[in-house]
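Asker: Here are the chains, one letter per residue:
Number of protein chains: 4
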Amino acid sequence: MNDIILKRGFASDNNSGVHPAVIEELVSVNRGHVVGYGGDPFTEKAYTMLRKELGSEAEIFFVFTGTAANVLGLAGAARSWNSVLTASTAHIEGDECGAPEKFAGCKVLTVDTPDGKIRPELLKRHMHGFDFEHHSQPAVISISQATEMGTVYTVDEIKALAGYAHSYNMLLHMDGARLANAAVSLGLPFRAFTTDAGVDILSFGGTKNGMMYGEAVCFLRPGIISGFKFLRKQGMQLASKMRFIAAQYIAYLTDDLWKECAAHSNTMAKELEKRLREIGGVTITQKVESNGIFIIMPPEVAERISKEYFFYSWNEQLSEYRLMTSWDTTSDDVNQFADLLAIMMSEKK
Amino acid sequence: MNDIILKRGFASDNNSGVHPAVIEELVSVNRGHVVGYGGDPFTEKAYTMLRKELGSEAEIFFVFTGTAANVLGLAGAARSWNSVLTASTAHIEGDECGAPEKFAGCKVLTVDTPDGKIRPELLKRHMHGFDFEHHSQPAVISISQATEMGTVYTVDEIKALAGYAHSYNMLLHMDGARLANAAVSLGLPFRAFTTDAGVDILSFGGTKNGMMYGEAVCFLRPGIISGFKFLRKQGMQLASKMRFIAAQYIAYLTDDLWKECAAHSNTMAKELEKRLREIGGVTITQKVESNGIFIIMPPEVAERISKEYFFYSWNEQLSEYRLMTSWDTTSDDVNQFADLLAIMMSEKK
Amino acid sequence: MNDIILKRGFASDNNSGVHPAVIEELVSVNRGHVVGYGGDPFTEKAYTMLRKELGSEAEIFFVFTGTAANVLGLAGAARSWNSVLTASTAHIEGDECGAPEKFAGCKVLTVDTPDGKIRPELLKRHMHGFDFEHHSQPAVISISQATEMGTVYTVDEIKALAGYAHSYNMLLHMDGARLANAAVSLGLPFRAFTTDAGVDILSFGGTKNGMMYGEAVCFLRPGIISGFKFLRKQGMQLASKMRFIAAQYIAYLTDDLWKECAAHSNTMAKELEKRLREIGGVTITQKVESNGIFIIMPPEVAERISKEYFFYSWNEQLSEYRLMTSWDTTSDDVNQFADLLAIMMSEKK
Amino acid sequence: MNDIILKRGFASDNNSGVHPAVIEELVSVNRGHVVGYGGDPFTEKAYTMLRKELGSEAEIFFVFTGTAANVLGLAGAARSWNSVLTASTAHIEGDECGAPEKFAGCKVLTVDTPDGKIRPELLKRHMHGFDFEHHSQPAVISISQATEMGTVYTVDEIKALAGYAHSYNMLLHMDGARLANAAVSLGLPFRAFTTDAGVDILSFGGTKNGMMYGEAVCFLRPGIISGFKFLRKQGMQLASKMRFIAAQYIAYLTDDLWKECAAHSNTMAKELEKRLREIGGVTITQKVESNGIFIIMPPEVAERISKEYFFYSWNEQLSEYRLMTSWDTTSDDVNQFADLLAIMMSEKK
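Protein chains in written order, with this note's numbering: chain A, 7 to 355; chain B, 7 to 355; chain C, 7 to 355; chain D, 7 to 355.
These are calculated hints, taken from the structure and not from any lab test.
Just to be clear, a hint being listed does not mean it is correct.
Just so you know, same-sequence chains aren't split out, so a pair can sit in one copy or run between any two.
Stated by the list, open to error - The calculated SDA-like cross-link candidates involving lysine to any residue, where the alpha carbons are at most 25 Å apart (straight line), are:
1. K355 with G286
2. K235 with R131
3. K13 with G45
4. K51 with D261
5. K13 with E30
6. K13 with V41
7. K276 with R310
8. K130 with T119
9. K313 with T289
10. K265 with V33
11. K130 with P304
12. K51 with E314
13. K130 with G233
14. K130 with M303
15. K235 with T95
16. K130 with S94
So that you can see chain A by itself, here it is in the shape it has in the complex (with noise of 0.2 Å):
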């Protein structure tokens, strides 16, 4: 493989690659032979590990991606005949290829936020219909942490999304894709912010922070389930090896080195940030609270520096573009994208 392909970039958290502690892992487990799909003593200890994290009712499931997390934890809560009420910009809604509709048969329904963020009041326009046969019937808020805005929620967003889903005898389900970054950027462990501040269901990721691929589905509160383990099978998450997930969920919550990664990530984010506000016409369309960058920049500039470095148009309308930092991104990395827009933005005028 040539050096450029595999240059790092900003294209996304998921194209970087596993954090050396987890590889670490995966060869300590691999010894001996363990009882397969989940019954090994490697699988008890990582769940004990997050039940630690967040709580010790928490039941915790390991699947293989955060698509399946998201959509077996929407679907252990809502029967075909409910809908989830999120975020447009919500990965269940664009990014998951219609798998909720397709496995849970319930609906997604979505409101427009200006940040990635929902608030009670944007959910209002779904709230009706309660108890109407011809209506899908309204069961769980779905919020990311962060969002793929790359913002993230308050403790009091989440208590006052999580309060108001209650009311409606709804439940707050989190994706937790970037749950690291969120913790982060909140200074917060992850219990505050998730179990209390009433958040039902999580998916909690660690495959954009380190990881090599995995997700564990987190049903916080006891009696939000019953018969997951046959619907996780069902849907094609039981892994036969699962001592090779829990080992990366191990390493990742030892000596917090989520934290690690993540906090790297976030600040890189920032030391990007700060490069590109010093770029003239190019504009910062987010708060920047984790690992994602928005900007606008002129198209023809876009399609320049592309071909150095992969990314993602977010918006082609608005010629917003998307940039990821990533745990192993480093300040030259930064520096080097930053000096060659500077040079191209430039050139442009």
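Based on the hints, put chains B, C and D in the right spot on chain A.
Answerer: Then chains B, C and D, alone, in the frame of chain A:
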């Protein structure tokens, strides 16, 4: 972890760990940034290596598990009003918790077989109702190679089933969770008993033979599928850091690692068979053609030895049990188990 | 329309028209405006009449077809990871094009029976894997009364199956597409062999016995379902002008119209049986206990007579055919058919 | 039944009964035996009549309800990874309890509109992500004609949407639950604003305009579907005694009964509109182009008059209500309602 928990036994070939060469390759690809979701050079390399084994027209898609490979492979070829015909012992019938029905919406129709192998004449009972809208339309015949009973289809048997399927405009699907064990058993390259024998869709697995996770859905002929990449994503089976599945296949197919592992596993099964045949009161119920051995032993002995070794009951009424060897089984493992069983059997008398 | 096309034959009890009393009631309720979707007084009246037959705790929901009644009844009680156990001749297995799998997502597991009637001992092969997440969890036993083979379960047989089901914490479902024919055959009120015999879920049909369309899903015991009204709507089975289904049930249950129709149909079957038994070379293969007669006759004769009478082949290999009588079959119909068959059989020799 | 219950109001056009000519035809086809499930001459006749209206290439399938017609029509054309784009007021979005998602597995994406009518420029926000596997692939644009807001698309508006859809290789679906009202409003034959305007899939309804039950799924161009007859059966929408749906369509299309009924209904809406406009404090919020009138009135008046007349709240926050006229509404009905409302409004001041 104490050593007892990690003792190598004969419960399942997925109770073993990962071959060191696979780990090495995981480490090797863990550098730099690459595009996620399969747009990376490692995935392309692995797909090329698989096409070298299966034919240049094969379309290949990595997923996470054998269940997913089977279900998505079937769902790619069958519509919800179709039926899939298989042996009553097939993994898709008894071990996937209804995932084919849930995801593909189709029927799985079974035939009883003495040895896990279906033959065209056994299928006749389901070959009716064509074009009759009240009846699910037979669309796929699914076989497992090696079978769940440890037996292996010959090339001629597969060709007969392929010809039969194609004469009805149906497709032949092969669950190859233990494809390498079958290849070694037949002494043939993969292609000889898959693509060249008329198989249309193949689940090419490696997790039971030294890999960590990941499976390849292979459409061996053009024109079988359309839109499959969407189905994979919607099926929650698109890996973000796909290079790490690719790496495993690269290792698995380099220097015939698959053959080394499977040959060893099959040899250990033969050794275990030989030892078990010498023990009075123990009956072997199926031909040992790959790495599975099915035995009848007195239930009280089974219970006693299961305190030392975990393994699965196959047929409670018959007091039949399944033993599986693995790529890491040693002759010592075989002899220790056989010695212990021999002692327990003699003590019983 | 010419008369040949409209000739009464023995193809199916749904080839007949609608009883005049049913038409009369349709006309009778066709006045004024009433709330749609079942919130009308006619629907309430019909439900009350059905509860009088089935017990005051029955929860009743009208749907459009027998297939829908079966599928929704099962989907109301079973989750996608469950299995439904039934006879291989059951309508839900062979005649609903996979609707149970598609809509409920569950597995349908079958047992072969000589006469369409399942017995507890036949079910044993599927009674395993409880709580094992790889295996669909048995949740419902489904029987047809009368069966698709024209046979009828006795009360004791039903009680035995109910007891067996309940001992496993499973439910007993009854497909009553020909419930009236069974009731007449047994000489019992509906309740005696449904609610009182331990049946939990009942599809109470009338279309094959003089109605036009519509079927009742009946949950005979409290606590079986929740949210079923949403499932019915989502299942596309909520009638807007529901009073016209209700009207049919009102007519059907008034002055025991159901009994008059079914008694006539059963009697005609007995007459036809008698005549057929007198014809050399024709074999009756099943007990004639309701309105179906299964016969073996030479295929060339079958082909010849099918030019005059349309009917269905049941088992091509055996040259077995199904004849059904209907509420409007006459003795003349029976004799004309039997006479013609007798002539054709004699000409063949 | 007392008369109050059966009083004609303005709740819904499905609260009315069945036109006598429809009943007559039901009686007329109720003779002799015919093959079930649509293999009868009445169904063929009805299909021919529909093809005369819609074009000779139309493939037509009867189902039971409008929801079923929409869902099966969409499911016939879209795969589970597709999305359907529609107005947020569409029946498929708000009134089918998630049936499209459950049965077709696809996403329904909406746009807000002022009048229930979508325009190409409104759809732009969903027209992206083509070929991107993370994103549901837009496949169908669905419009209602007349809309749920009582408005009617012009031929040019439909052509613009069809052209837009086809330019993206998408299909145009029309929910024609009130197709006749639209035809009368436009003064055009069905074909002019369906097949000839580029519509690909049509739900052709009549139940809201004098029929009892039944709806026609019409694929207006060849090559859109394959295997649809199986999908209909699996979707629990295959009527056994289909002649009775056919009979209704025969009556509906004979001597333009549909036109007579819809013209009357539309006229009554105009009369009601005229009367309501004369009442101070009552605002009409949508153009009255078919048989629906949307009004804002004080909530306390709405509550008071709803004790005499049942009708639906449309937007609680706005105190907006929906009134529907029907084929059997009389001028007296209109005047009595308007008089009462006028009195109540005057008493309020």
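Asker: It remains to establish, for every hint, whether it holds in the given structure.
Answerer: Verification of the supplied hints:
no.: 1; hint: K355 with G286; result: within (10 Å within a copy, 62 Å between copies)
no.: 2; hint: K235 with R131; result: between (35 Å within a copy, 23 Å between copies)
no.: 3; hint: K13 with G45; result: between (40 Å within a copy, 14 Å between copies)
no.: 4; hint: K51 with D261; result: within (15 Å within a copy, 36 Å between copies)
no.: 5; hint: K13 with E30; result: both (24 Å within a copy, 22 Å between copies)
no.: 6; hint: K13 with V41; result: between (40 Å within a copy, 10 Å between copies)
no.: 7; hint: K276 with R310; result: within (24 Å within a copy, 60 Å between copies)
no.: 8; hint: K130 with T119; result: both (13 Å within a copy, 18 Å between copies)
no.: 9; hint: K313 with T289; result: within (21 Å within a copy, 58 Å between copies)
no.: 10; hint: K265 with V33; result: both (22 Å within a copy, 23 Å between copies)
no.: 11; hint: K130 with P304; result: between (37 Å within a copy, 21 Å between copies)
no.: 12; hint: K51 with E314; result: between (43 Å within a copy, 23 Å between copies)
no.: 13; hint: K130 with G233; result: between (32 Å within a copy, 23 Å between copies)
no.: 14; hint: K130 with M303; result: between (35 Å within a copy, 22 Å between copies)
no.: 15; hint: K235 with T95; result: between (30 Å within a copy, 22 Å between copies)
no.: 16; hint: K130 with S94; result: both (15 Å within a copy, 15 Å between copies)
Figure legend: structure checked against the earlier numbered hints; every hint is met.
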